[in-house]
Every structure is written in structure tokens, then in C-alpha cells.
Amino acid sequence: MTVAAKSSRYRISRRQALKLFAVTSGGLIVAAPLSACSVTAAPHPLSKASGVTESALLQITPSNEVNFYLPRAEMGQGVFMGLTTLIAEELEVGPDSIAVHHASVHDAYNKPGSSLQYTGGSTSLSAHFIQLRQVAADMREAIRQAAAGDLDVPVESLVMQDGQVRDGDKAYPYGRFADTASRRAMPENTALKSASDFTVIGHDRPRLDAWDKVTGQAGFGLDVDFPGLYRAALVRCPATGGKVKTVNMDKAAAVQGVFKIVPIFNGVAVVAEQQWQAKQAAQLLEIEWDMPDLAKLSSPELRRTMERAMADDDGQNAHSAGDGADALRRADKVLEATYWAPYLAHATMEPMNCTARIHDGRCEIWVGSQMPDGALGMAAHHSGLSRDKVTVHSTYLGGGFGRRLSSDFVAEAVAIARASGVAVQLVWSREEDIQYDRYRPVSLVRMRAGLDRDGRIDSWTAKRVGPNVAAHFADDNLETIAPEFVPWSWSEWASKRSYWLFESLIINPASVHGLFGDYDIANQDVRHVTVDPGLPIGYWRSVGHSFNAFFAESFIDELADAAKQDPLAFRLAHNGHDLRMQRVLRTAAQEAGWDKARPGRFQGIAAHNSFETAVAHVVELSLVDGAVKVNKVTCAVDCGTAVNPDIVRAQMESGIIYGMTAALFGEITVDQGAVVQSNFHDYEMIRMDQAPEIAVTIMPSTAPPTGVGEPGLPPLAPALGNAIFAATGKRIRELPLAKQIEFV
Amino acid sequence: MITFSLNGLTVQTDVPSDTPLLWVVRDVFKLKGSKFGCGAGLCGACTMHVDGAAVRTCILPVADVAGHDVTTIEGLGSKDDPHPLQRAWVDHSVPQCGYCQSGQLMSAAALLEKNPLPSDADIADGMRGNICRCGTYGRIRQAIRSTVENGGVK
Chain B
1 MTVAAKSSRY RISRRQALKL FAVTSGGLIV AAPLSACSVT AAPHPLSKAS
51 GVTESALLQI TPSNEVNFYL PRAEMGQGVF MGLTTLIAEE LEVGPDSIAV
101 HHASVHDAYN KPGSSLQYTG GSTSLSAHFI QLRQVAADMR EAIRQAAAGD
151 LDVPVESLVM QDGQVRDGDK AYPYGRFADT ASRRAMPENT ALKSASDFTV
201 IGHDRPRLDA WDKVTGQAGF GLDVDFPGLY RAALVRCPAT GGKVKTVNMD
251 KAAAVQGVFK IVPIFNGVAV VAEQQWQAKQ AAQLLEIEWD MPDLAKLSSP
301 ELRRTMERAM ADDDGQNAHS AGDGADALRR ADKVLEATYW APYLAHATME
351 PMNCTARIHD GRCEIWVGSQ MPDGALGMAA HHSGLSRDKV TVHSTYLGGG
401 FGRRLSSDFV AEAVAIARAS GVAVQLVWSR EEDIQYDRYR PVSLVRMRAG
451 LDRDGRIDSW TAKRVGPNVA AHFADDNLET IAPEFVPWSW SEWASKRSYW
501 LFESLIINPA SVHGLFGDYD IANQDVRHVT VDPGLPIGYW RSVGHSFNAF
551 FAESFIDELA DAAKQDPLAF RLAHNGHDLR MQRVLRTAAQ EAGWDKARPG
601 RFQGIAAHNS FETAVAHVVE LSLVDGAVKV NKVTCAVDCG TAVNPDIVRA
651 QMESGIIYGM TAALFGEITV DQGAVVQSNF HDYEMIRMDQ APEIAVTIMP
701 STAPPTGVGE PGLPPLAPAL GNAIFAATGK RIRELPLAKQ IEFV
Chain W
1 MITFSLNGLT VQTDVPSDTP LLWVVRDVFK LKGSKFGCGA GLCGACTMHV
51 DGAAVRTCIL PVADVAGHDV TTIEGLGSKD DPHPLQRAWV DHSVPQCGYC
101 QSGQLMSAAA LLEKNPLPSD ADIADGMRGN ICRCGTYGRI RQAIRSTVEN
151 GGVK
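Taken in sequence, the protein lines are chains B and W. Quick note: the first sequence uses our numbering, first residue 1, plus one each step. Quick note: the second sequence uses our numbering, first residue 1, plus one each step.
It is worth saying that the hints were derived from the structure and are not from the lab. From the three backbone atoms N, C-alpha and C, an ideal C-beta is built for every residue, glycine too. Careful, some of the hints might be misleading.
Label-pair ranges, simulated between beta-carbon atoms [stated by the list, open to error]: (1) B:GLU273 - W:HIS68: 22 to 28 Å; (2) B:ASP314 - W:ARG145: 53 to 59 Å; (3) W:PRO116 - B:GLN740: 39 to 45 Å; (4) W:GLY151 - B:ALA703: 42 to 48 Å.
Calculated pairs, DSBU-like style, for lysine-lysine (alpha carbon to alpha carbon, straight line, at most 30 Å) [to be verified]: (5) B:LYS170 - B:LYS193; (6) B:LYS279 - W:LYS30; (7) B:LYS596 - B:LYS730; (8) B:LYS629 - W:LYS114; (9) B:LYS279 - B:LYS260; (10) B:LYS245 - B:LYS279; (11) W:LYS30 - B:LYS260; (12) W:LYS79 - W:LYS114; (13) B:LYS496 - B:LYS389.
Away from chain B, derived, C-beta distances all over 12 Å, residues of chain W [stated by the list, open to error]: (14) GLN12; (15) LEU22; (16) GLY151.
Next up, chain W with everything else stripped away, as it sits in the complex:
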């Protein structure tokens, strides 16, 4: 039995311990906001926070998060109580198909927690692990910049 914290709630699962966290969160705990994109840690669609750091969960065995804090897009914020980045994403109409955006937001949120005043190079570096096929990179950059200008994520 593996126990960890999921969006602030303590959860337990008995799935095989090598099951990637992504599938546990999606299929066992039914939180569907985190997406499957590549299964190889190459696209970032599955990004969650583990103890505040952005992690590719499609290749992270669930056993590795035993005793740790996992946050998903559902834990980042909601329409009624949004994270500043979610608000900025809406203001800039960032999403197109939207499939990669949970991962983009989780990477951006972790970036700003670590580096509240990122340069464009820092943003490019922090976000290059997340692929968007709709080409929303420019808007993501603008949304991150405007979040920083409006007081950041603290």
C-alpha cells in the first residue's frame, strides 16, 4: 500500500508500485486534468508538482511519491479561486485545443515559485520541456510575464 498526499488529501493505493503516477491519478483517483502525451517524459503534458517541483509523471513510479505531496492542475486553482497564472492564461486566451495546458501551467507555476523574476531566457529554459502543438508559446510567455508584472504568484 502506497500513501501520499494528493492536492492536500491523504490517499492510498495498492496498484503495482511501478505504475506511473499519471495513471494512478487519472484512473484510480479520477482526476483527469493531467494528460498523457508521450509516456517518455518528453512533452510535459503530464506535469504535476511533487513537493513543489515540476515532475513528468508519465515516467514516475507511484512508489517514488510515497510520503510526498503531489499537486495536480485541480489543486492549483479553480475558476472560483484561480491561481494567478490561470487568470493570466484566460486573460491572454492562451489555450487553443487546451490539451497541453495543464502541464504548461504546472511547469510555469513551479518556475515562478523558484524564480519570481524570470528573464525571457529563464522562461524559455523553464518551459522548454512542455510541447504545445497549437503553438501557444508566445502567449504563454506573455501570460507569465504579465503575472510577474502583476505581483507574481505569492
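Here chain B stands alone, though its shape is the one from the complex:
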């Protein structure tokens, strides 16, 4: 275990590593270069026989098929529909007649503004909002110009509508002019439609992926199958990072259907004809482990270490304004409170899985990934092949929530395929999925604020103690996304330096974001102390906002109470600089009937900016024999232009339920390095009977779209905690709430 910042213990010796780390990774983690922002991106890696294919994203064939190669991963958040909507709007083609394909890996599919092909940060719609419309508008214009030539009529006389070129009362399918268009120069910078002319954007229709998903036809990674495919089960060390010391395979090898048993870098894999056989045999392996340092970790000791760090360590400054913490001295009243949020697993419904085949000097993987380029780099390393010999077949994702940004399960599948010599599918059990996750980091935060004589917040300080996601993410993934000419061992060595970097030199924004910024307060001081016991952590839906909003928005309520003010009025008095925030707060309150709750109903409010989007929730609950029943959540969201309003509503509903599961039940604990929880009986989920009614209002807006996949989550936990305070007078400062009060 390390307690870092100025007192870093064992990682301090790696100080000299910083330079190389910066050289090899500087542009990668933060990923700045602008790429693939044009319609003339590199040639498409997939075979496209004919037609107009200039963009690598969009193809119109002579037989009038419109193919859209979806550059972001569909994990439920709605890009399948959302990005297709952008294409349909400018192409003047009905969304239902566009065939959407999951893109493979190619620079052309990097997220605009990034050098990586990742899906995360609630940015898919905002990043592609101009780019894909431009691609489609240019393609539409290419067809129009080709048609004018073929039909020998002026371009101006042709109207593009519903996938048809209309010339007076005659109509021709786009595809008829696809070959001609492909021989002509592609138009550029075609003027985009103005918002008032939108006929698809902003209008609701059923999700395009709905039919496949209600008939069992949507292909997830788990559903990949082909002749000759074996199934694998892997036994890992109970504490992540441990190595195999000895293994007795005799009993496992005797199980019917077992083909091979192979040790790989982190455990021992059974390869069998069928999934069940592999699992059964894996349980019979007798393995002795070299336990890692992590095996010394147990949750109670970690809590004590974090509390010690909170008391003893001043940490690094992450944000300041005015006189900082000094201003506390002149406050009329000072409030202090310490909050806690535990580690959390993602628990996607589809457990981690990957299918891998190494054959004829090539490696193919089938995987649902939020970072397929990282998956490709990982597959190249573990297959021993260069990256140009690796093909990624992308699938639907049965949930992502940040978990599928990492490629640890790809590494395993490819290593097993290589060691066994056959194509394998590795499917994690639910227990493995919960026990070998990249967790939402544990956090301890102390808030202190000063009120002036008028009951205004004059000073605001926060200190967060916990590990840094960016450090773990770099360790996990840097090698896979570093340029291929950088030897793996170099980038691996550099990736380990990330821990020290974020402990000692720079603040990981995700550790502190959401602890400040929503309120206009003259004097602020936000600090950070790194304590990292080494349990793998990663990006978890809304990242630092997921816990920091709970801390900040609960504490704001405490201050409102101390100032004897209404929580809504108190917030509005402190965020006059943020009109979107004011609007969602007022709207949510109005829709919920704030302060007019029926007898026996209690309300709490919270609001938070994340991923450029403002969201406010009012939680309404009642008490049933002292237990809490959450009746309703009223949400208002300002996300700029709502490209698909119903998907915005769905994402708010989703963030609310995901956030409520975390707030009520979510807790991962560790005993001697091993995660204690294992399945849905001890890592509980909100189910239908506890799911509240949800009402969502979307603020009308013509501003560019901002995120919706994550921002619905952060304000839920504080709004719920604030409602519990309103109902019971009990202020709960530790998650999960169900450890402190019963829910029904």
C-alpha cells in the first residue's frame, strides 16, 4: 500500500521514469491531435465492392444500399440510432433504410478530436455532430451532381428526398448514380441544414436496433460462433497480479471434452469443446500461487490508511480561488463533514468475453469493446504478430459503462488461443466479472465551508483521498495504444510510471472533478492526496462525478440547512453564473411540485454539471415502517440539441437506475487482496419492484449537443440522500445508503 503525494513510499524510486513516460505517452493518454475530421479519410479496410465509398464511413451502392460504418460502440447508450440520425438528416434518406455496421479498427474511425477509436466520456454525439452531417451532406451532393450529369439537367432542378433524386415528377434511387459519383471529385463543405429544417434530428421514432434486440438477433461478443471454435475457462489468482507457482492438471484433464490445459501469463486455462465442460474442469485444477503485494490488502486497513492520510497529509492543490482555505478563518459559521464512497464493480449484464483465432500468420478477434484499437494492440502483443496482421470484428456490447475500455480479457483470450493452437472463446463467469473488474475508485473526502453573516457560502474547501483512475488506465492500456515502433517493454515500463506521475506531479482531473465548479464561491481550495493500495481501478460511468457529486451536493444541502434556507433557493442563490443549471433546477422543482409534496412524501434535490450537460433531480420518497420507499424521480436535463429526445430520456432513466443501484447497494470490499462479493446475491441490483417512477424534462435548446450517457447519474445519490434527510433528519455521509437505512 502506498500513501502518496509528498509521502509516496515505494513508488518514489521511479521518479527518473517521468521523462520517458512523457515522451512515449504524452499525446496518447490525453490524446489531442485532430484526426479523421474529414470526408476524405483513409481507405476503408473492409471490402466495399462498388459505389461511392470516399468517406470510409458511408457507402451508397449501385443497388441502392446505404451502408453506414458505425464508428462508435453501441453499448445501450444509443449511438446506433443517434449517429445514424445525423447521417439520415443530411443524406435525405430515411433512418430505417440505412444499413448500420459495427466498424472495425481504422484511423478513419478515431473519435473526431482524438487519436484513439474509443467510445466514452459521453462525447459520441457532440464529437460527430458536425463531422457525420458533413459526410452525409457531401455524399448527398455528390449523388445530386452525378445525377445532373447523367440526366443532363441543371443541378438546381434536382430535389433530394427520401433516398430519391427527384426531377420534376420523375424519381430515381440514389444508387443509380453511385458509380458516376464515385468517378467524380467529392464535393466538400456542402452547406449543412439549419436546425429549423431538421426533419429527423429532434424527432422521435423507435430505436433502430430495437427489433434485433427483442427477437434475440442482435450479435453480442458472447454470441460469436463458428466451426472449430473451442471454449475456454481461466483460473486466476484470487488477488489480481499473482502468478502460478505450481499446478496439478490431472483431475481437470480427465473431464470429458477437455482438449488442452494451458498456463498463460495470469493463470491456467482449460480449453474444451463446450463451455460447461471447460468450467467444470477448471474447478478441478489445483493451483498454488505466488501471491502479489495486493494480497496484504484488506478493506478495514485501507479505510484506516485513508483516514490517516486525510489527517496527516496536506496533499496537492487541485483548484483554488480567492484566498483559498484562509478565508475559512473569517467565516461566521464553519461546517465540516467527511464523506465516503466505496469501490464499485461495473457488472455489465454481458460478462467480459472475447473470441480469438490465430491462423496462417493472422490473428482475428471478435469483441465488444469501447476501445477496439486498444484491443487490437493487445491482440498483436499476445499473438506475437504485428498490428497489421490483426483484425478486430466488432459486436454489440451488452453494457459498457467504462468497463470495456480495457482489453484485459482480450489479452487472456488471445494468449489462450496462442498457447492452445485453436480458436477459443473465453467467457468470464459472473463471479470473475465482479472479482476481476477495474473498479470505481474508493474515495474519502473532507469538506469544509464557511458561511458569511447573510448565510452565503464565502469559502469552500475539499480534500479527496484515494487512487487515480488515469494511472491505472495507463498501466492497463498504454502499451496497446503507443505507436507500434515503441517496444512493448518500453511502453510497459513507462506505463508503470503513471502511478508516480499522478501521485506526485499532476492531478488526475477525474479524481477531483465535480468537487468544485457548479457554484460561484469567492474562496476555494480543493486538494488531493493519493492513496493507492493497488486494486485495479478504471473508468466507471461518470467517473469522478459519480462520487464527487454525492459529496458536494450533499454538503451543499448541509450548508443550506445551516443557513436555514430552502435547498433549492440556496442553490439558485449560488449559481447565478450558470443559466443552464438554473433552468434545470427550476424545471425539475416545478415538475416535481417542490415543497408541495403530499403528506407522507419527502423530497430532496440535487443538480450537477458533467460532460457539458446540466442535470437536476428531485427524489420523492415515503417511509414504510421506517424503511425508505423511493417513489419518484423527476429529472430535468439541458444537453443542448436533443438529437433523439427519447434516447435522452432513456439515458436519464438509465443513469438514475444505475446511480440508484450504486447509492443503495454498491460496495466492493477486499479481504487479503481478494474481492469478497461474487454475484448478484451479494452485489445487489435495483430490480423492477424497487424501480421508481421517472419523469424527464428536456430543456429546449438549439446549442450543439452535449453528453447524456453519464450525466443523469451523479445527482441521483445526493438527491436521494437529501430526501432521506428531509424525511428522517438523518444525514448519511457514507455509501452505500442501505448499510445505514433500510429500503423497500
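We have chain B already, so just place chain W on it with the hints.
Chain W alone, transformed into the frame defined by chain B:
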């Protein structure tokens, strides 16, 4: 050799008799619509009908369905010939990631077969065995209600 009916077709398999039905249907008969979620009967992603009742097949030995009728999501309906619930699921845009929805639909279909006019409490009770991480519970409830209002599943 174990014989049972799968979506109306008689099928036979010689896998070990303790193999859960889920894996037999997915890996032997290649119907991939039913999902693996927990392996412990806790999440409902693997739900199929056995003689019309919703059953968690990740913990149901295939031997137990010998001589019985098994229906999977593929047997419930298709886009061309949908079950009323599938139509309602689309109309309400219920699915997000979609992974749990086969199981949700099979549970809902069994619920309405048994109880054509369920109250909200009946729906909550009948559906609480199915977890959805995307939080589609509200829409599932609406889709079931609207199916009932539009004449149910008969």
C-alpha cells in the same frame, strides 16, 4: 440421449446430462438469443419457457427437460411475426444494450399467459427476477401495460 421439443422441433442431444439447458441451446443448437448473465438463477438473462412457465436455464440440467416443450426468444416471435410484447417493446424503445431483453420478454410473456390483467404489483413481482443494468424497468412496465390494454397476448 436426451430428447425434448425446442421451439416446436424435436431435438436430441448426448451432452452430459447435468449440462445446463442454456449452454445446450446456445452451443449445441446454436440459438444465441438466450443469454448467460450469472450462472446462478439470479438475473434472468437466460429465461426460457418450459411447458409455458418461465425458467432460469443457466441452472436447469438439460436432463430435466427430457420430454418437455422448451421455447426460446427465437420461438416467441420474429420481426415478421412478432409476439405482441415484442411489438410493444419496440414501440416503447425498451432495449438499450439489449442483452437482458430476451429474458425480460420471456418472463413477461409467461406472466401475461398466467395473469392476463396484472396489477403493477403483479408486474413488479413477476419481473423482479430479471435484472436490467441499463435501467429499462419503467419502459418494460409501460410496454406490458400497453400490451394488456391492446388486448393482451392471446
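*Find the hints from earlier in the document that the structure breaks and name them by number, from lowest to highest.*
15
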